[in-house]
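> Read off the chains here:
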Amino acid sequence: AQKVTQAQTEISVVEKEDVTLDCVYETRDTTYYLFWYKQPPSGELVFLIRRNSFDEQNEISGRYSWNFQKSTSSFNFTITASQVVDSAVYFCALSHRQGAQKLVFGQGTRLTINP
Amino acid sequence: KAGVTQTPRYLIKTRGQQVTLSCSPISGHRSVSWYQQTPGQGLQFLFEYFSETQRNKGNFPGRFSGRQFSNSRSEMNVSTLELGDSALYLCASSSGQGGSGANVLTFGAGSRLTVL
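Going down the list, the sequences are from chains A and B.
Its first residue numbered 22, the first sequence is counted upward by one per residue in my numbering.
Its first residue numbered 16, the second sequence is counted upward by one per residue in my numbering.
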């Protein structure tokens, strides 16, 4: 069975601090895909990144970076120099094959950036 | 390019009633999937439709059903509503086929259902 665990339910930091959101996953598949989505108060989930199980390169996009480590089954997300607009609920998710629309989501981490 | 559109955005029903939610995917997307989001259970996959056929189904009772039309628009129906069906129902679309972006889902803003 597939499972995603986001142990941090809520995180609150002051603006400009760096913050890391943890994601640990479980799967028996050798091919799988990992995602991060952001859910602002408006409700829709906004896609941030997708990684497949064969690509362990870390990625940086502006203030966002992702660290994928198969050895520890983790796919952590770091926001550098956080801003108030980063406040949202962040979800890590897993799917087992390309094209699969069934994502298994973690419980989400509510991130609050205080001015 | 218009995003995923869900209607209605908010609705209130009473126990025992039924409800139909609508989703219009991004133009050109042939796959539509539905998710239920509740504070207790989080985000859970309901089902996926591709080219008018249900391609995958989550672990929900038969009261939850859906369909997809030839223009890729989708509806989901919940019959005999229960209090526990109160949730945000999210629709997502994607190309649904092979390719690098195949399972990158674009979500709508959701339909918030309250059952009294």
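Rather than coming from a laboratory, the hints here were simulated on the basis of the structure.
Small disclaimer: the values here were computed from a predicted structure and weren't measured.
Please note that a few of the clues may not be correct.
What the hints assert, rightly or not - Partner residues are not named here, just some residues of chain B that face chain A (Cβ under 10 Å, in silico):
no.	residue
1	48
2	50
3	68
4	73
5	75
6	78
7	118
8	119
9	120
10	122
Glycine included, C-beta positions come from ideal geometry on N, C-alpha and C.
> Against this structure, judge whether each hint is valid.
Against the structure, the hints come out as follows:
1. Taken as an interface hint, residue 48/B checks out: its beta carbon lies about 4 Å from the nearest beta carbon of chain A, inside 10 Å.
2. Interface hint status for residue 50/B: upheld, as the beta-carbon distance to the closest one in chain A is roughly 8 Å, under 10 Å.
3. Checking residue 68/B against chain A by beta carbon gives a least distance of about 13 Å; that is not within 10 Å, so the hint is violated.
4. Proximity of residue 73/B to chain A holds as hinted, the smallest CB-CB distance being about 7 Å (cut-off 10 Å).
5. Here the hint on residue 75/B is broken, as its CB sits about 12 Å from the closest CB of chain A, past 10 Å.
6. Nearest Cβ of chain A to the Cβ of residue 78/B: about 20 Å, over the 10 Å cut. The hint is violated.
7. The closest approach between the C-beta of residue 118/B and any C-beta of chain A is roughly 5 Å, which is under the 10 Å cut-off, so the hint is satisfied.
8. With 10 Å as the threshold, the beta carbon of residue 119/B comes within range of chain A, its nearest partner Cβ sitting at about 6 Å, so the hint holds.
9. Look at residue 120/B: its Cβ gets to within about 7 Å of chain A, closer than 10 Å, so that hint holds up.
10. Satisfaction of the interface hint for residue 122/B is found here, the shortest Cβ-Cβ separation to chain A being roughly 4 Å, below the 10 Å cut-off.
The structure fails to meet hints 3, 5 and 6 from the earlier list, while all remaining hints are met.
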